[in-house]
Each structure stands twice: as C-alpha cells, then as structure tokens.
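Place chain P on chain R using the hints.
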Amino acid sequence: MSPTSLDLIGSEVQRRADWAARHVEALTNSVAAWGRESHVARLGGALSPDRRSIDLRLEGIPPAPVEEWGFLIGDALHNMRSLLNNLLHSIAVASAGPGGDVGRLQFPISETERDWTRANGGGRKQIKGLPESVVRSVESLQPFNRGGSDSVTHVLWLLNDLSNADKHRVATLPAHSTNRLDLRCPRSYLNQG
Amino acid sequence: MSAELLEPGLAPIDGEVVFANSSDVLAHVEFGQPVRSVKIDARVTFAVFIFDSRGRHFEAGPLTEKLLQEVVGVANTVLTDWNEPTSVVP
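Heads up: the sequence lines are chains R and P, in that order. Per this note's numbering, residue 1 is the first one in the first sequence, and the count goes up by one each step. Per this note's numbering, residue 1 is the first one in the second sequence, and the count goes up by one each step.
For reference, chain R alone in the conformation it holds in the complex (with noise of 0.2 angstroms):
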C-alpha cells in the first residue's frame, strides 16, 4: 500500500463527505429561508365568552418545502451511509488489488453481537478479506459495543435507520412545527372589563 494510493483513497471518500456537507448546508438554508418567511405568521385566538381566557393559534404560516427537505436530508444520508461503503472498498483494492472478492463487501452496522457473528449475512462476514488491521477496527466502532438497548443510541445505528427508511421504504417525510413559544403579557397590556 502506497502513500500516494491512501491519498487516494482519503480523497475520494473527502469527495463524498464534501458532497453530504453541501445537502446539509442546502437543508439548513433552505430550513432558514422558511423560517424567515414565517414571521409574517399571526398569533390570532378569539376571547372566551366569559372573557377570563384565550385559545391562541398561528394564522398564515407559509407552506413549507417538507418534500424538498425530505429529499436533501436523504440525500445527504445516502452520501453518508456510501461515504463508508466506499471507503472499505478502496481499502479492499487497494489491500488485494482489482482483482480482490468485493462483490458482497459494505461497511456493516451491527445492532447486536449475533448480527455481527452470524455465519449468514453477519457483519463480519460482509468484510470478509479485508486487512485484520481494518477488521478489528470496523468490529470496534460497532453499536452492539454499546451494549444492551443502548446500541440504539449509537450513530451508525441512527445513520443506517434513518438510510435504510429512506432508501427502501418511503423517502423522508420531516414535520415541521413550532418549536418554542415565548408569550408576554405584561398586565398593562390588559384592558380590564
């Protein structure tokens, strides 16, 4: 393995790290963007007959881009989860060269041990070939190392939850909502009946 083809290999994964960044930040954006055309929302609510409260709802809230937000964060998820996947094949050619078994290879994310064990599609198994080096430090940065339910709380598991809805099942939906409501009503504001 030659300095230059670890440049390589930084390179092209730095390229899909680049191009997650760019969907985050246009999602962020376009987040803000929204947020900023929400102020013209009104807080209206009718007095109670009695007049003693009032019910408060937003009024004019501007339609939000939810299916482009989807989109851009499964986008970027998809960079990421690949970003991984790539990485571990380059290392896999660059190891064994062209002509190296890397048909099944993807980086694995193991929820529990057995996953990673199992003789059948086992995270282990999935990167069968690659440098020892490369094996242990991949079975070391697994969730099921969190133990217990707290494997869930791990990122890759998040990653690979999120990435695997996306790309299979339906593309991301986000809800948007308020998120914070901060209400002053000094009692001179009050004209008392």
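Because the hints were derived from the structure by calculation, they are not lab data. Note that beta-carbon positions come from the ideal geometry of N, C-alpha and C, so glycine has one too. Accuracy of the hints is not assured; some may be wrong.
[Said to hold, decoys possible] Here are the computed lysine-lysine pairs in the DSSO-like style, where the Cα-Cα straight-line distance is at most 30 angstroms:
#1 R:Lys167 x R:Lys128
#2 R:Lys125 x R:Lys167
#3 P:Lys39 x R:Lys125
#4 R:Lys167 x P:Lys66
[Stated by the list, open to error] Per label pair, the in silico range of CB-to-CB distance:
#5 R:Arg51 x P:Arg56: 34 to 44 angstroms
#6 P:Gly73 x R:Pro62: 31 to 41 angstroms
#7 P:Thr77 x R:Ala96: 15 to 25 angstroms
#8 R:Arg146 x P:His28: 38 to 48 angstroms
[Stated by the list, open to error] With the C-beta cut set under 8 angstroms, the calculated list includes, among others, these residues of chain P facing chain R:
#9 Val25
#10 Ala27
#11 His28
#12 Arg36
#13 Val38
#14 Arg54
#15 Gly55
#16 Thr64
#17 Leu67
#18 Leu68
#19 Val72
#20 Ala75
#21 Leu79
#22 Trp82
Structure of chain P alone, referenced to chain R:
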C-alpha cells in the same frame, strides 16, 4: 399560563415541542378576571424534525450535521487503524 405568571408580567413560557397545524391551539391563556381586550407579544420559533423507526424525533439540521461529523470520524479511525493517517475533514 396562569394569572400569577402575568406578574411581574414578563415571564416567558417555554413551549414544549408541539406538533401543531396552524389550526391547532398553541396556547391557552387564563387571565384570572374578565378582560375587554388583550395584547400578547409572542415569539415563535419553528424547527424541522425527522423520525427514526423507534418513533424518536430529532431536529433535522443539527442531526444531519452531527451524523456527518461522526461518520467522517469513523472513516478517519478506520484509515488510521489500517495504515498511516489520511485525514478527512467534515
């Protein structure tokens, strides 16, 4: 919001995340006495959420930024463990 919270009158209410449509009630405010009219200053911030298969919700922007940062960290760890370090930056 209770009448007590109107004194001294500037106590903010931190709303919880409310998955509300524009027609939903965002807040119910009690004045403690009848009023002819009222003026309320409000600041509302919006956020975009995504859900995982466990039904947990995450704010989309910060989550995707964090995922990218972590994934690049994973890639760098594998590269480092394999051989000499080759740095990838988020």
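Taking the hints in turn, this is what the structure says about them:
no.	hint	in the structure
1	R:Lys167 x R:Lys128	holds, 25 angstroms
2	R:Lys125 x R:Lys167	holds, 23 angstroms
3	P:Lys39 x R:Lys125	violated, 66 angstroms
4	R:Lys167 x P:Lys66	holds, 20 angstroms
5	R:Arg51 x P:Arg56: 34 to 44 angstroms	holds, 42 angstroms
6	P:Gly73 x R:Pro62: 31 to 41 angstroms	holds, 37 angstroms
7	P:Thr77 x R:Ala96: 15 to 25 angstroms	holds, 21 angstroms
8	R:Arg146 x P:His28: 38 to 48 angstroms	holds, 42 angstroms
9	Val25	holds, 5 angstroms
10	Ala27	holds, 5 angstroms
11	His28	holds, 5 angstroms
12	Arg36	holds, 5 angstroms
13	Val38	holds, 6 angstroms
14	Arg54	holds, 6 angstroms
15	Gly55	violated, 11 angstroms
16	Thr64	holds, 5 angstroms
17	Leu67	holds, 5 angstroms
18	Leu68	holds, 5 angstroms
19	Val72	holds, 5 angstroms
20	Ala75	holds, 5 angstroms
21	Leu79	holds, 7 angstroms
22	Trp82	holds, 5 angstroms
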